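Student: Go ahead and model the full structure; you've got the sequences and the hints to work with.
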Amino acid sequence: MRILASELVKLRTIRTTYFLLLGAALISGGVAAGLVGSGSADRGDEDPALSLGQGASFGTIFVAVLGILIVTNEYRHGTIMTTFLTEPRRVRILCAKLTAAAIVGLVFALTALAAAAAVALPWLAARGESLQLDGQAVEAVGRALLVFTLTAVFGAALGAIVQSQVGAIVGYFVWILVVESIITVISGLLLTDVGEPDPVSKFLPGSSLGGIIGGEGSEFVLDGGGAAVLAVGYAIVLSLLGALAITRRDP
Amino acid sequence: MIEVSRLTKRYGSVLAVDDLSFRAEPGRVTGFLGPNGAGKTTTLRALVALLHPTSGDARIHGRHYTELDDPVRTVGAILEANAFHPGRTGRNHLRTIAVAGGIGDERVDQVLELVDLTAAANRRTKGYSLGMKQRLSLAGALLGEPEVLVLDEPANGLDPQGIRWLRDLLRSLAGEGRTVLVSSHVLTEMAQLADDVVIIAKGKLMTQAPMADVLAGSGRGTRVRSPERDRLAVALAQAGIQAKQVGDDALAADAVPARVGELAAAERIVLHELTAQSESLEDVFLELTEGASTPS
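So the sequence lines, in the order shown, correspond to chains A and B. Quick note: the first sequence, position 33, residue 54 per the working numbering, numbers continuous. Quick note: the second sequence, position 244, residue 253 per the working numbering, numbers continuous.
Treat the hints as calculated values from the structure; they're not laboratory data.
Taking lysine to any residue and the SDA-like style, the derived pairs with C-alpha atoms no more than 25 angstroms apart in a straight line are:
1. B:Lys213 x B:Thr197
2. B:Lys211 x B:Glu296
3. B:Lys135 x A:Arg33
4. B:Lys135 x A:Gln184
5. B:Lys213 x B:Val195
6. B:Lys135 x A:Tyr39
7. B:Lys135 x A:Val187
8. B:Lys211 x B:Pro44
9. B:Lys135 x A:Met102
10. B:Lys135 x A:Val30
11. B:Lys253 x B:Leu295
Keep in mind the model is a prediction, meaning the values are calculated, not measured.
Tutor: This is the structure we're talking about:
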């Protein structure tokens, strides 16, 4: 517990944490404004709460970066040595960092949702509509909490595997934005007709996160429950690889 | 008590530490000396489990660092003088260690005071001078009031007053019965600090001995000047004393001045100078590491 508390002190005592949190809030609020302003939040067949939750999930890019930084910042600045001196069993340090990442994920999710709500609710109310705190709203919150948390854990585990800050951040975004798209295209060309969902890409890590968010293009990903199970599986595999890397490779 | 036994660390084809064994005793400052690249840092990192040795081991109070119940309260270490997040304040840096070690904020303030950083405690470390960073590292090492201190080049970046302050501090910590192992490649600061010295070169142990023995040991000799140098050289040789020529009319004899003087008197040889030569730590060091170190 002491090393987890120390990880949280580390996060609270650098500005980067707050800048990234602000980024998540701004993008979430901005997307919410777009959804309400364009009318798509309350016009489509989806519940407005779900669309807003999906919009808030754009903030995961910031939590991914912070997750990566939880580990790679320490390698970059040499503080990982001090950290290992306080607890030489490195797997415990990684567990503390993964837990800290999960906590960060929850905080970011709540902040992003609050930003979306702060923009959307008064606006919708002014139009005479209101969001109801029904099952759909609860589902939207649950999906957001889960996807932010898992994204942060992915980031921290990846950071432990790669250890280089630039390498991990570039690697993460190249994988999510480029590699998975290429795999999707190739598997689509080889295995299915145009426009049909291919059988491979929905099992990729990025798609598993997308499946938890749900929404548009959801025929290309697993549904919420299946995607969540898959993403948790990826988080476990990445964490194990991270544990291997952090114990094998000396700082 | 620190015990390094048969420690070996190989990086590819490079043998950084080669079958190294030595001890550092409680209540004493042990100077760990060697030229740059001799394997000092590698040895100290192996001691605190920051690297896996190829073979052999290093123990603190008879246990591996990974087996210590409370590492922060047992060992204080500096392995890198500039290991801080530049955006974190000095006090917050110490708090990250204190919280992990279950140490309260009052102790953080105490060590800040001890290293004279109270005024700068709430500034971010990117504005710190090298000397301030070195003192902050030391504060971190002292947080848990550890019985064992492992300090890699703690004097780097300190000004002369700082070095003197560090020397007094380490001496008083050893005086309280703690084990202090401190590495350096600057010999002059060691002569007045260390009780024992461990000298390594190319990863190998050259000598381990009390500082006084090292200074007094092999290097004692006599410088003698005479207008009849050649006759004196023959007399010394006949007495079984080695001597070599120095300059135009002097000899460096491997014996105490009294012996050389008596010999010269017996042979009725005029002397112009008869001086005891005691080698500095520097000479001993250069002698021991000669050939073993690569010129940088």
